[in-house]
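Asks: Quick note, the sequences are listed as chains A and B, same order.
Quick note on numbering: this note's numbering labels position 138 of the first sequence as 139, and the sequence is numbered without any gaps.
Quick note on numbering: this note's numbering labels position 414 of the second sequence as 491, and the sequence is numbered without any gaps.
Derived from the structure by calculation, the hints contain no laboratory data.
Note that beta-carbon positions come from the ideal geometry of N, C-alpha and C, so glycine has one too.
Accuracy of the hints is not assured; some may be wrong.
To be verified - Computed footprint of chain A on chain B, listed as stretches where at least three residues anywhere in the stretch have a Cβ under 8 angstroms from a Cβ of chain A:
| hint | segment |
| --- | --- |
| 1 | 96 to 102 |
| 2 | 217 to 225 |
| 3 | 319 to 325 |
| 4 | 368 to 380 |
What the hints assert, rightly or not - Sample of chain B residues lacking proximity to chain A, with all beta carbon distances greater than 12 angstroms (derived):
| hint | residue |
| --- | --- |
| 5 | Val143 |
| 6 | Glu188 |
| 7 | Val305 |
| 8 | Phe364 |
| 9 | Arg435 |
| 10 | Arg495 |
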Amino acid sequence: MIDDRGRLVTHPLIPLYDGQHIYMTSSILFSRKLEHIKGNPKVSVSISDPNAVRVERFRRATIQGDATVDDADLHSGWERVLPIWRKKEPAIDFFLGKRVALPLFFERAVIEIAPRRAFLWEDGDTSRQPTVFELMGAGR
Amino acid sequence: MSAPGRLLESISSRGYTHAVVAFVDDRGYPLSVATAFAVHADRGAILLEPVAGDEVAPPIGREVNVVFSHIRPQPGVGYDERRYVSLWGTLRPSDGHLELVPDRVQHWDEEEMTFFEFSERGVPQAHRYMERVSREQGRRIRPQLSRGWLFLRATRLPFLSATFIPVALGISVAALHGQWHWWLAILTLVAAACVHLGLNVANDVFDTLSGADQANVTPTQFSGGSRVILYGLLSMRQMVALMLGFYAVGAGIGLYLAVTRGFWPLFWIGVAGLFISLFYTAPPFRFVHRGIGELTVFLGFGPIMTIGAYYVQARAWSWEAIYASLPVGILVALILYVNEVPDRPGDAAAGKRTLPVRWSKDAVIAVYALAVAAAFGLIAGGAIAGVIPRPCILAVLAAPMAVPVYHALREHYDSPYRLMPFMGTNVQLHMATGMVLILGYVIAIVASHISGHPPAFLR
Chain A
2 MIDDRGRLVT HPLIPLYDGQ HIYMTSSILF SRKLEHIKGN PKVSVSISDP
52 NAVRVERFRR ATIQGDATVD DADLHSGWER VLPIWRKKEP AIDFFLGKRV
102 ALPLFFERAV IEIAPRRAFL WEDGDTSRQP TVFELMGAGR
Chain B
78 MSAPGRLLES ISSRGYTHAV VAFVDDRGYP LSVATAFAVH ADRGAILLEP
128 VAGDEVAPPI GREVNVVFSH IRPQPGVGYD ERRYVSLWGT LRPSDGHLEL
178 VPDRVQHWDE EEMTFFEFSE RGVPQAHRYM ERVSREQGRR IRPQLSRGWL
228 FLRATRLPFL SATFIPVALG ISVAALHGQW HWWLAILTLV AAACVHLGLN
278 VANDVFDTLS GADQANVTPT QFSGGSRVIL YGLLSMRQMV ALMLGFYAVG
328 AGIGLYLAVT RGFWPLFWIG VAGLFISLFY TAPPFRFVHR GIGELTVFLG
378 FGPIMTIGAY YVQARAWSWE AIYASLPVGI LVALILYVNE VPDRPGDAAA
428 GKRTLPVRWS KDAVIAVYAL AVAAAFGLIA GGAIAGVIPR PCILAVLAAP
478 MAVPVYHALR EHYDSPYRLM PFMGTNVQLH MATGMVLILG YVIAIVASHI
528 SGHPPAFLR
């Protein structure tokens, strides 16, 4: 993402995908990224970490898109992505049980990204040319 | 090696598998792409492998952001080994690679700063964001908890064990002396609990006003206060009302007990309890700021509660009740004492000069060991001498629980979250000891009911 001074800012986050949009959630404790997105919705997501991406055939991808921040209900609005979050991170239910201990951590906004363009490296090797996908209709 | 040099070197030694280079592309979108890297800490540089493709190749001569991140999934539990390093600078070609000499750095490693502290340091940002969202939505946005959880958190209800033990002990001594009125026991317990909860809430109110809670960025389950005001879960006005409500109910029941069971003795015991409770953190006395908070907690949760509960039942004084309360008071004071250890930096910054703020690590740990020895020495000595019933000596069996707390203080004195489980053990030490002391009295009471002259070891 790009901050209000036009500088790039990159955060390690856990992306969720429902087949149309990419979702991420952010606690208000770490909400500068939300302010950046409100100022400039153009974002890029790099899916690149072999430790975090436990898939049989490791690939790398970069997705550019337009992001919106849903913070209409910080307390429970983000629970709409809980089903796909739970699927990816079953441990989330354990942390939800500790909500009383971390009340501000669970006041969260949803970052919803409509993909516009994607780059795919089939074998994860970015010294080779990627396959490029234009996705202007995706996520609409 | 300089701090930036050490940080660069850590990139090669801390398990980062790849770099992600981000730049702004021709369409104005950020573009982030992974690549391999090598660190040249001596030159303060990172060498990146080139990325193929005109559209995705990082640009020469323009600012880029290079991020290294690491996380280790722990299936079913979450993650550990979370860390990242973010570098900013301009790329230049170097022997077929891209060289970055960073001019700006940001990083976090949970081995250096726990996730809890990292989160706590984000509280001001959380408030700024809620204020922004409030402006955007035209209504006040604040964090929420369900009423039950909020009450539990705001009052720190689980700490009521510190009240239950001394009150139940005073009642038990009275029962052994043939004085037992169950409704008075319940009223005494409720009154004492209200004063204790009033203290907990007052502690939050005055620690927020003095800045002690804001200065503390390493709160734990047992220390650092409830933080409900700091987090915006309740307002200062709501907490003051809650505090006054608890004190009013506690004082009201106390007055009723005084009127019905002996006015002046119970009046002065109640005044002493309320005085300690309120001025533990409240000005002008602020006992905890003056290094006598631990002593006042010993008095309040030891002799004052126990003799008060005894007097309500028996309408008389009892040296035995006072003696029995001493180890309990010491162990409650030690809960506070150990819980103050991780609060030291915040307390010192707010002028709250508790004993762990004033004393060295060695002195704090030595006094802990001495106080534990004194508590169990009083139990053993009292039981052997017959000051308290002999079955109470069983409470000495809880003493080994202090050993892991002692070692944890030695090993994790400066690591609040590693110390935290042992702070829990320290609470259990007080609970277990107090419960067995009470059990000792129950055994003696039952034995004396069964036989007019029970054997000496049951008396």
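Asks: Can you give the numbers of the hints that this structure goes against, from lowest to highest?
Replies: Hints 3, 4, 5, 7 are the ones this structure does not satisfy, whereas the remaining hints hold.
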